[in-house]
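Which chain is which? The protein sequence lines are C, R, W and L, in order. For the record, in the first sequence the residue sitting at position 331 is 331 according to the numbering used here, with numbers rising by one throughout. For the record, in the second sequence the residue sitting at position 242 is 242 according to the numbering used here, with numbers rising by one throughout. For the record, in the third sequence the residue sitting at position 261 is 261 according to the numbering used here, with numbers rising by one throughout. For the record, in the fourth sequence the residue sitting at position 159 is 159 according to the numbering used here, with numbers rising by one throughout.
Possibly wrong hints are sitting among the right ones.
Pair by pair, the computed Cβ-Cβ distance ranges are [claimed, not checked]: (1) K40(W) / S36(R): 49 to 59 Å; (2) E136(R) / N228(W): 41 to 51 Å; (3) A267(C) / K38(R): 25 to 35 Å; (4) G335(L) / Q223(W): 47 to 57 Å; (5) S206(W) / S206(R): 52 to 62 Å; (6) S22(W) / Q107(C): 30 to 40 Å; (7) E89(L) / S36(R): 44 to 54 Å.
In silico DSSO-like pairs for lysine-lysine, Cα to Cα no more than 27 Å straight-line [claimed, not checked]: (8) K186(L) / K40(R); (9) K38(L) / K186(R); (10) K56(C) / K56(R); (11) K56(R) / K269(C); (12) K186(W) / K40(C); (13) K186(C) / K251(W); (14) K38(R) / K186(L); (15) K186(C) / K38(W); (16) K170(W) / K251(R); (17) K56(W) / K170(R); (18) K259(L) / K56(W); (19) K170(L) / K186(R); (20) K259(C) / K40(R); (21) K170(L) / K251(C); (22) K38(R) / K40(C); (23) K170(R) / K251(W); (24) K114(C) / K139(C); (25) K170(L) / K249(C).
Which stretches of chain R does chain L cover? Using the computed rule of at least three CB atoms under 8 Å from a CB of chain L, they are [claimed, not checked]: (26) 191 to 204; (27) 232 to 242.
Hints are computed from structural coordinates only; laboratory data are not their basis. Note that CB positions come from ideal geometry on N, CA and C, so glycine has one too.
Number of protein chains: 4
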Amino acid sequence: MISVGIVGATGYTGIELLRLLSGHEGAEVKVVTSNSEKGKTVTDVFPSLRSYFDLKFVEHDSDQLKSCDLVFFATPHATAMHYVPDLLEHGCKIIDLSADFRINNSQIWEDWYKEKHACPELLESAVYGLPELNREEIKAASLIANPGCYPTAITLALLPAVKNGLIDVKDIIADAKSGVSGAGRKAALASQFSEVAESFKAYSVSGHRHLPEMMLTLNNVQQSNDLNLTFVPHLVPMNRGIFATVYVKPKDHSIVMQKHYADFYAAEKFVDVMPEGAHPETRTVKTSNTCRIALHPGNSESQPTVILSVIDNLVKGAAGQAIQNMNIMFALDEGTALLAPGLTP
Amino acid sequence: MISVGIVGATGYTGIELLRLLSGHEGAEVKVVTSNSEKGKTVTDVFPSLRSYFDLKFVEHDSDQLKSCDLVFFATPHATAMHYVPDLLEHGCKIIDLSADFRINNSQIWEDWYKEKHACPELLESAVYGLPELNREEIKAASLIANPGCYPTAITLALLPAVKNGLIDVKDIIADAKSGVSGAGRKAALASQFSEVAESFKAYSVSGHRHLPEMMLTLNNVQQSNDLNLTFVPHLVPMNRGIFATVYVKPKDHSIVMQKHYADFYAAEKFVDVMPEGAHPETRTVKTSNTCRIALHPGNSESQPTVILSVIDNLVKGAAGQAIQNMNIMFALDEGTALLAPGLTP
Amino acid sequence: MISVGIVGATGYTGIELLRLLSGHEGAEVKVVTSNSEKGKTVTDVFPSLRSYFDLKFVEHDSDQLKSCDLVFFATPHATAMHYVPDLLEHGCKIIDLSADFRINNSQIWEDWYKEKHACPELLESAVYGLPELNREEIKAASLIANPGCYPTAITLALLPAVKNGLIDVKDIIADAKSGVSGAGRKAALASQFSEVAESFKAYSVSGHRHLPEMMLTLNNVQQSNDLNLTFVPHLVPMNRGIFATVYVKPKDHSIVMQKHYADFYAAEKFVDVMPEGAHPETRTVKTSNTCRIALHPGNSESQPTVILSVIDNLVKGAAGQAIQNMNIMFALDEGTALLAPGLTP
Amino acid sequence: MISVGIVGATGYTGIELLRLLSGHEGAEVKVVTSNSEKGKTVTDVFPSLRSYFDLKFVEHDSDQLKSCDLVFFATPHATAMHYVPDLLEHGCKIIDLSADFRINNSQIWEDWYKEKHACPELLESAVYGLPELNREEIKAASLIANPGCYPTAITLALLPAVKNGLIDVKDIIADAKSGVSGAGRKAALASQFSEVAESFKAYSVSGHRHLPEMMLTLNNVQQSNDLNLTFVPHLVPMNRGIFATVYVKPKDHSIVMQKHYADFYAAEKFVDVMPEGAHPETRTVKTSNTCRIALHPGNSESQPTVILSVIDNLVKGAAGQAIQNMNIMFALDEGTALLAPGLTP
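Next comes chain C alone, as it looks inside the complex:
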């Protein structure tokens, strides 16, 4: 039985970890932390978990974490980096759901996150926890940087094309749309119901922090630095879900990308390549760990291929993928506690 700690368990990724782990037969949550709700029980804060957990929140720096086999960080960025080195020294494995270890170049990280990195020496050994890309490295890792929600949907949409050299990497557009839970569980005017419902907007058009994460991953995959990705995120008035519409230019229109994608992901439990021309909806993956992808070749040579990719931002885009990584690290069946289908409606 893996003993688990969750740092920052009062956010949406925190409670999603609790929800999914409540059904995990090989792991038990022993410690939950929250600086703001310290002393309260899990069920005080989340009545949906009444009878599932008998735990009180302790502070982030609680010594109790040190006896855990694995600690998840479900904190805002620039938090985990202050606690991780000490926990690693105590032998804990770490899966960080925040951005602190996703960019293995401290300069780029600091440019985007406007803060000094607290442990740049760990960046090299951190493994980017996208199992479909790095499964072998994850098995051996002590420190996992769990991918961002947008990067999960977009990278999985591009991986076969970039890895197999099928497209012009200098001209990729990712128009992405996210549900509101991606903004986190905190009081903010911009995420108030009446500011979001019955409206739609783009944000951070001039540059979003998930862009360098995707650039590094994909450039690394293609072993070059010339990838050019335009990324525009949008906010959808719904709780869960990411939808990515990715426009790519095939190098050669005789290539059948559909076959490449089907082959590439044939053995993957959590990537579902739909038939060519299908229209995935975010609700088909709601509460599930699946990324569902469909390809639409252009009608003419001059038109891009459109790749549609959907995930649940809190599951495959956060807590589910983190548990998938845990399962891999501890040599459990990769799908443990992650096999429920999506919710309709």
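Let chain C serve as the given structure and place chains R, W and L on it in line with the hints.
Frame of chain C; chains R, W and L shown alone:
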């Protein structure tokens, strides 16, 4: 392994049965029917179930159903009654999620449903499948009438008070609110997104078909016929959830109803009596089989006690309760496949 | 041309005043205040008003307000009371959309608002701005207490019955439901999209501040103190709208309440009594100043009459009613700038 | 006073015409038609219009239409074309909100709409009613083809760039998102609340009927045929609003597109060019006739410029633009009845 058939598996209660049964280790869905989608696969209609089921829809009158141990009817009313007698003769057990067997008096049924009942002789032996009320009868039953969604939330809110004679049964008001999935999965102008979103309404104020069902159940519980219940249903712009606000007049203000409720439901896995004065939200039971109840005594003797009761209309109000009944009928652990906590957000 | 000031113009009632006044031919907004957005233009904060207003926010205590003919307070409670006495002395008329002057008894006010009232001497002269009740007093008033949103919907639903002595005033239940904009435009965890969407809840069951306001108004109407009103507010996942379901016991079932209501409101431009048995929806009054009411007599003598009442909480429940009051105070046509029909969808 | 008829007045564009015309001092609605609701009053079907209209629906072929100065068609495609020739002969002017006269090439029309055009001889004289493009032609026209909702948002986003030759017309991507009211007011499973809420999807990726309309308009503007536009529409769980994210490649990065746009639309009442880098939200134009546009130049020469464009699909994208066209045709102030600002929230 129980072999299961689902008649009318393309509605919201049908797909919810499929979703929940996909994780049930003691039951296997062998037959699904749909007259409108006959010949299609389950995953053609519900891409969220891709990889979970390899079944094609057959017609309602398919002989394949006769070899099932148990058949669920997830059909509109006045459908099951035409198929059930034959299936019972072939030894199938039946759980009908529709209204056909909920009212054990064919005259009352016909007054409300404006149709002749096809098998009134079965009404007497049908067991009303509210486990908290009829667990023993369910164990032995061949034909279960699964309760309606409103009746589940409201009857559970009233059961301890009515059974223990705590309130004036002649003066009960149930102001109930339902998510839109309660209207079923079919094309109807009144349930179009743009007719429902950003609006709130009452409907069927002059009389809703769930009223006689509740009256019969509760009068039976109190062994008298003088219960008077005013029931007003409302439509909430959300997918799932029922919220019932029930106003009752305690016979004697010295009675501590909270204690009666806590005791009454102490052994029940799926009824959660919250601390007095708590405010349950429907989202705390979303996707779960729990009914969560809270009591608010009036501030003065002249004021009613307010009982708040929430369920997920598709789970405890339909498919979850149906599976709970199946588990009881087949002597499985009552919670099998029903133990997931509610979803947040 | 009436020169208008708006204190606290960055909340939802503030921007609604701006929206409605942009089309008012007899009034011009000269001053807008906001302590938090001081120095910004109206259109910086509300791009929907680009080209409509060329104003900058100044502080609440700006001297510019003193030269206005009329000042609206669209502030949280316990703000207006600090500025109103001085403005009255300078000859401004005041319409306060907050609660500061709604309860003409400082002791009751302080019990519910947990604060010392800053100018109790003004409470007596303040007029409760429900035109259908106090039109004559409003004409002559300098200080209007604009009614709360729930009290507007519920008082209008009860006024003919209470005034004409048709019902048992000791047994009234008002089960009310509000859209989220009623919580105001401010960062609060409980109003975050992902805390509210796809959920429904009751709140403040043990006592809401709108209760004493309704009790005082209605007891005053019936010239007695024995009215007993149970009021339970609920939150609906939508932006705008209040729906009140009011349960009353007619003194005599031979009384045709429908006729009393139709007569009572026959001359009222902004109260629409629908045919008996109708089902008003909040969307039929969205963006309009109308209160729409429908009566449902009980099926038997022992059953209550159900009164349904809908308003747009930001219009008839706040800014629209405030402008209606302004129109009356300044002898303009009462409907000026308030005649747009509801929005569908 | 212009006498107005509306054919198909029970759809969302029909009721929006009624809502906006209720405040138009120069036009009066005399005839409304609906084959399905014939004989009912407007307020039977739309209680939001109680007291605003005293009209009964008649059939589409009613002779009453012939005495109207102007007839709006708010019907599905392939309806207006059967009635328009006769009405034109009787001297009515026509504004068709459907697609029947938008494509002035009957072959292309028939390819996309899969039906024989009933009056191809009228296509040449029909004027495409985008005032910002064709104001002079509209003044003199008898038959206006009111633009589609997507084409309005996208064409306005591209017009200055294409007309002034600023961009590579062979590489344009328009990723567009629409609220659900765009699907019309009719019973359809795909538009049911529970099929749409809490989900996001693309549709018609392989080809949407608004594509040829945009291609023809823009190719005409640039007087060439080589424009290549990739158009992907998506469905947003909200009632109203279109958001277009348009990706273009400037021919020369020294061109300041912002200035071109500001100049191009300087005199336009209903196009608001925001400051460079702004983030328009659909709610800022909700219920208003404004199209709000913002430009985001790429960070490097290899990156596209992103143009964001928002409209209310039922106003500038349908009924509002139709009234704008009417105002132009009848030499009224172009903004008559269209000057209300957007609704927040």
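The hints, checked one at a time:
1. K40(W) / S36(R): 49 to 59 Å: For K40(W) and S36(R) the Cβ distance comes to about 57 Å; the hint holds.
2. E136(R) / N228(W): 41 to 51 Å: 43 Å, holds
3. A267(C) / K38(R): 25 to 35 Å: 34 Å, holds
4. G335(L) / Q223(W): 47 to 57 Å: 52 Å, holds
5. S206(W) / S206(R): 52 to 62 Å: 32 Å, violated
6. S22(W) / Q107(C): 30 to 40 Å: Given range 30 to 40 Å: violated, Cβ gap about 50 Å.
7. E89(L) / S36(R): 44 to 54 Å: 46 Å, holds
8. K186(L) / K40(R): At roughly 26 Å apart (the allowed maximum being 27 Å), K40(R) and K186(L) satisfy the hint.
9. K38(L) / K186(R): 25 Å, holds
10. K56(C) / K56(R): 48 Å, violated
11. K56(R) / K269(C): Holds. K56(R) to K269(C) sits at ~23 Å (cutoff 27 Å).
12. K186(W) / K40(C): 26 Å, holds
13. K186(C) / K251(W): This hinted pair is violated, its Cα atoms lying about 51 Å apart.
14. K38(R) / K186(L): 25 Å, holds
15. K186(C) / K38(W): 25 Å, holds
16. K170(W) / K251(R): Given pair K170(W), K251(R) holds - Cα atoms ~17 Å apart, limit 27 Å.
17. K56(W) / K170(R): Violated - the C-alpha atoms of K170(R) and K56(W) are around 60 Å apart, more than 27 Å.
18. K259(L) / K56(W): 26 Å, holds
19. K170(L) / K186(R): 43 Å, violated
20. K259(C) / K40(R): 24 Å, holds
21. K170(L) / K251(C): 17 Å, holds
22. K38(R) / K40(C): 53 Å, violated
23. K170(R) / K251(W): 17 Å, holds
24. K114(C) / K139(C): 32 Å, violated
25. K170(L) / K249(C): 13 Å, holds
26. 191 to 204: Result for this restraint: holds, n = 8.
27. 232 to 242: It holds: at least three residues are needed, and the segment 232 to 242 of chain R offers 3 whose Cβ sits within less than 8 Å of chain L.
Checked against the numbered hints above, the structure breaks hints 5, 6, 10, 13, 17, 19, 22 and 24 and satisfies the rest.
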